[in-house]
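These are the residues of each chain, in order.
There are 2 protein chains.
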Amino acid sequence: MSNSKLAKEFAAIVGAKNVLHTESDLHTYSYDSAVLTPSVPALVVKPCTTEEIGPVTRLCNDLGLPVTVRGAGTNLSGGTIPHPGGVVLLTNGLNKILEINEEDLYAVVEPGVVTAQFANEVAKRNLFYPPDPGSQAVSTLAGNVAENAGGLRGLKYGVTKDYVMGIDFYDVNGDLIKSGSRTVKCVTGYNLTGLMIASEGTLGIFSNIILKLVPPPKASKAMMAVFDDIDKASEAVAGIIASHIVPCTLELLDNAVIRYVEDYTKAGLPTDAQGILLIEVDGHPAEVAEDAEKIVKLCKKIGATYVQAAETAAERESLWTARRNALPALARARPTTVLEDATVPRSQIPAMIRGVNNIAKKHNLSIGTFGHAGDGNLHPTILCDRRDKKEFARVEEAIDEIFDVALSLKGTLSGEHGIGIAKSKWMEKETSRATLDYSLNMKKAIDPKGILNPGKIIGG
Amino acid sequence: MSNSKLAKEFAAIVGAKNVLHTESDLHTYSYDSAVLTPSVPALVVKPCTTEEIGPVTRLCNDLGLPVTVRGAGTNLSGGTIPHPGGVVLLTNGLNKILEINEEDLYAVVEPGVVTAQFANEVAKRNLFYPPDPGSQAVSTLAGNVAENAGGLRGLKYGVTKDYVMGIDFYDVNGDLIKSGSRTVKCVTGYNLTGLMIASEGTLGIFSNIILKLVPPPKASKAMMAVFDDIDKASEAVAGIIASHIVPCTLELLDNAVIRYVEDYTKAGLPTDAQGILLIEVDGHPAEVAEDAEKIVKLCKKIGATYVQAAETAAERESLWTARRNALPALARARPTTVLEDATVPRSQIPAMIRGVNNIAKKHNLSIGTFGHAGDGNLHPTILCDRRDKKEFARVEEAIDEIFDVALSLKGTLSGEHGIGIAKSKWMEKETSRATLDYSLNMKKAIDPKGILNPGKIIGG
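Heads up: the protein sequence lines correspond to chains A and B, in order.
Just so you know, we're using UniProt numbering here: the first sequence kicks off at 1 and counts up by one.
Just so you know, we're using UniProt numbering here: the second sequence kicks off at 1 and counts up by one.
Watch out, some of these pointers could steer you wrong.
[Unchecked claim] Below are the PhoX-like pairs computed for lysine-lysine, each with C-alpha atoms no more than 25 angstroms apart in a straight line:
id: 1; chain 1: B; residue 1: 425; chain 2: A; residue 2: 218
id: 2; chain 1: B; residue 1: 297; chain 2: B; residue 2: 232
id: 3; chain 1: A; residue 1: 218; chain 2: B; residue 2: 294
id: 4; chain 1: B; residue 1: 444; chain 2: A; residue 2: 449
id: 5; chain 1: A; residue 1: 96; chain 2: A; residue 2: 218
id: 6; chain 1: B; residue 1: 5; chain 2: B; residue 2: 449
id: 7; chain 1: B; residue 1: 124; chain 2: A; residue 2: 444
id: 8; chain 1: A; residue 1: 232; chain 2: A; residue 2: 124
id: 9; chain 1: A; residue 1: 449; chain 2: B; residue 2: 449
id: 10; chain 1: A; residue 1: 124; chain 2: B; residue 2: 232
id: 11; chain 1: A; residue 1: 212; chain 2: B; residue 2: 212
id: 12; chain 1: A; residue 1: 425; chain 2: A; residue 2: 362
id: 13; chain 1: A; residue 1: 5; chain 2: A; residue 2: 410
id: 14; chain 1: B; residue 1: 124; chain 2: B; residue 2: 17
id: 15; chain 1: B; residue 1: 212; chain 2: B; residue 2: 124
id: 16; chain 1: A; residue 1: 232; chain 2: A; residue 2: 218
id: 17; chain 1: A; residue 1: 212; chain 2: B; residue 2: 410
id: 18; chain 1: B; residue 1: 218; chain 2: A; residue 2: 218
id: 19; chain 1: A; residue 1: 96; chain 2: A; residue 2: 17
id: 20; chain 1: B; residue 1: 429; chain 2: A; residue 2: 410
id: 21; chain 1: A; residue 1: 212; chain 2: A; residue 2: 124
id: 22; chain 1: B; residue 1: 124; chain 2: B; residue 2: 96
id: 23; chain 1: A; residue 1: 301; chain 2: A; residue 2: 232
id: 24; chain 1: B; residue 1: 425; chain 2: A; residue 2: 294
id: 25; chain 1: A; residue 1: 96; chain 2: B; residue 2: 124
id: 26; chain 1: B; residue 1: 390; chain 2: B; residue 2: 361
id: 27; chain 1: B; residue 1: 444; chain 2: B; residue 2: 390
id: 28; chain 1: A; residue 1: 389; chain 2: A; residue 2: 362
id: 29; chain 1: B; residue 1: 361; chain 2: A; residue 2: 294
id: 30; chain 1: B; residue 1: 361; chain 2: A; residue 2: 410
id: 31; chain 1: B; residue 1: 425; chain 2: B; residue 2: 449
id: 32; chain 1: B; residue 1: 410; chain 2: B; residue 2: 362
id: 33; chain 1: A; residue 1: 297; chain 2: B; residue 2: 362
id: 34; chain 1: B; residue 1: 449; chain 2: A; residue 2: 444
Because the hints were derived from the structure by calculation, they are not lab data.
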């Protein structure tokens, strides 16, 4: 079927103005935030009600057309790169917060609600939605769920999956599947909500999502500790956990990142420091004060060369500026920024950082490492130029070796960015052939024609 | 194949002494803790290593023999009642705690570890495993995961699923499937760990499980508040949540339960009270003291006729005795105790209790209601005699109506007991035909011969 004929079929469901098919539209939706080759879809379809998702999906299935759901396209593993000639189903028109229930501490949202906007609406009611992926200013909640997005608060508050109580989604026949509940406890039927989380649009297309809310912390305090040795910084992380303090944020910047950030911001960071920890504790004011004092003492005892606790909101803000600027500072150094998220049990961070530094040296690459030290989720970031084929071949070898190190330390390929098409080739190494077969079998039964975001996660 | 020939086949894998097939053995494993008709298996097979689970499962599949995994048989929805002529796979020999990692806050356990023994081992290391289902003294961890068991701490600490980081399990071919990780963040592949939770042995047979641990609370305080009106008790629950206090436990006993408990324990409970709340807060000592004071004030303001805060460990113990005795006190009143767990958003508790009381009156039945008011998970408990067919027909009608009320209040069939065979017939009412078809399709692909605990959850 020609693209214009196809467009008419979809226009009958969502209206002609919600079917995009000019060349520039199609190129706009041919890539996401991962460093991968773009792929041009045949059409972009933008439902204006969640009910329209059903017939759109059914039509794709009837025509055997691959369909890739896209929220804001902030995906870092290629999960929103469409199949060539397929359909992009755009959810940004489905952005209503349907309910914020203050008595029962949940909210019901349409898939395309922007994460930060939702968190702000919730905060206005003096409630708290903790997941805070780096892309929260533009990312959508359904995208967060489809990727099980993480963020800085993973250690204390968990990740997106810890806040999803229920998901309604459409199957390939366009029928609505209901899973989960507005109740904290629900064991009615298979945990399809759990199965949908991190399924990257390959098992169903999300409609409304029920999210858990919590009361906000009453107080918080941010600190910075500077170390002349990365192992000492890791020792401080271990010491904090061993003291049974669970910071809401516990971030690490290595020397390379510190230098790039200072070069970018001129904020006065010590460029000879080998590691900086940025730490925030929250909770009851008495607990926050005690924990902050303990952390400052502990960092000094371990040999921090400088420790600062923010006394004002402005001081707190300035501490977090360093962390927020890590990725932009790295990204401006070279044309291509490959942001990895191999993750290890937190006690293995020193070994992981040593491993990454050895790999950088071996392949003559610039790799800066920052990330969520509290939950072992580091972001080794490779600075390169994708157009330089020789260099990029070394980058690909380095990524291979980074995964090998993470797995040898009982870690995982991806902490929060997803598998998408970027990492599916490594899946068998971490799991097993039988695990992939189990997954492929299940996928085949749910999506016999293979139209739901084909090629993602498990290939297939 | 004759049972004795079958026994030999399994004995070749697990050893003759681990295949039970005397009549008394078979009857022992023909029922669980649900009020349902027993069903006698052909054999009981008891692996002594998790590696033996693979060949046992494969043999069942080769022979087309239904296999039901059983831990302690504390299941309340018939999930561990075997298929007639099938195999019971007993996990109580697989009870090793393989690792408690204090640095990285996780543990790795074999499936048959007893919940309370695990919690105690963890506590010895000054760590905390919060899920506390009522059967924890004997229930197994794999059973808890297979049912997504809840307990008293759901409101603040969540349920079993919130503590499962990874599950290795065997598929019908006897191959080991690996899911999840030792890291807090992991998005590598489908969330098969999530899918396994609450799957009641129908999608795979669990081997080792990775569980999350947390630091224990530093302090706690228990309180009791007595009300002459159940709506006031519910108002107190709402008031506590609205004050942004999240108690670790927030339990309710209605008048019927109070009377049965007092009759059993002679502890001096006020038998004319219409509702008792048992509340415990935990956390930092300053927060605990403040929260306890606020709760006492709030309960008095709402009109509690009596409020007591436990000042000593003995006083705390005596408060909790009433709650612990609720089920035994009800169970001794009549020959049959039907313990339901329909769950509603917590603000709907007064409507739910009114509904249950109307149903009791209409069908001339004794129903006592107690349970986890904080998370809306109530246990209407019907006292009856199953041998009295007329009465039991009324009980079945009452259960139907209890579910109708829960669903009309946006609740769910089961908060923590599972669907099993007891509630599968109501599944479509809560979800949809398409939801069941999606589930059946998936199940069929994973288990083509239908050997994994057939008939549970979705029938089929």
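Evaluation of the provided hints:
1. B:425 / A:218: violated, 46 angstroms
2. B:297 / B:232: The given pair, whose Cα atoms are some 14 angstroms apart, holds under the 25 angstroms limit.
3. A:218 / B:294: holds, 15 angstroms
4. B:444 / A:449: Holds - the C-alpha atoms of residue 449 of chain A and residue 444 of chain B are around 17 angstroms apart, at most 25 angstroms.
5. A:96 / A:218: violated, 29 angstroms
6. B:5 / B:449: Distance ~21 angstroms between residue 5 of chain B and residue 449 of chain B Cα, so the pair holds.
7. B:124 / A:444: violated, 47 angstroms
8. A:232 / A:124: Measuring from Cα to Cα gives roughly 40 angstroms; hence the hint is violated.
9. A:449 / B:449: Given pair residue 449 of chain A, residue 449 of chain B holds - Cα atoms ~23 angstroms apart, limit 25 angstroms.
10. A:124 / B:232: violated, 29 angstroms
11. A:212 / B:212: holds, 20 angstroms
12. A:425 / A:362: holds, 23 angstroms
13. A:5 / A:410: It is violated: about 52 angstroms lies between the C-alpha atoms, which goes past 25 angstroms.
14. B:124 / B:17: violated, 35 angstroms
15. B:212 / B:124: holds, 16 angstroms
16. A:232 / A:218: Violated. Residue 232 of chain A to residue 218 of chain A sits at ~31 angstroms, over the 25 angstroms cutoff.
17. A:212 / B:410: holds, 15 angstroms
18. B:218 / A:218: holds, 18 angstroms
19. A:96 / A:17: Satisfied, since the Cα-Cα distance of roughly 20 angstroms is no more than 25 angstroms.
20. B:429 / A:410: Not OK: residue 429 of chain B and residue 410 of chain A at ~44 angstroms, beyond 25 angstroms, violated.
21. A:212 / A:124: holds, 16 angstroms
22. B:124 / B:96: holds, 16 angstroms
23. A:301 / A:232: Cα-Cα ~10 angstroms, so holds.
24. B:425 / A:294: Roughly 56 angstroms separates the two Cα atoms, so the pair is violated.
25. A:96 / B:124: The given pair, whose Cα atoms are some 48 angstroms apart, is violated under the 25 angstroms limit.
26. B:390 / B:361: Between residue 390 of chain B and residue 361 of chain B the Cα gap is close to 16 angstroms, so the pair holds against 25 angstroms.
27. B:444 / B:390: Distance of about 38 angstroms is beyond 25 angstroms: violated.
28. A:389 / A:362: Cα-Cα ~17 angstroms, so holds.
29. B:361 / A:294: Judged against 25 angstroms, a Cα distance of about 59 angstroms means the pair is violated.
30. B:361 / A:410: Outside the cut-off at roughly 58 angstroms; violated.
31. B:425 / B:449: holds, 22 angstroms
32. B:410 / B:362: holds, 23 angstroms
33. A:297 / B:362: violated, 66 angstroms
34. B:449 / A:444: holds, 17 angstroms
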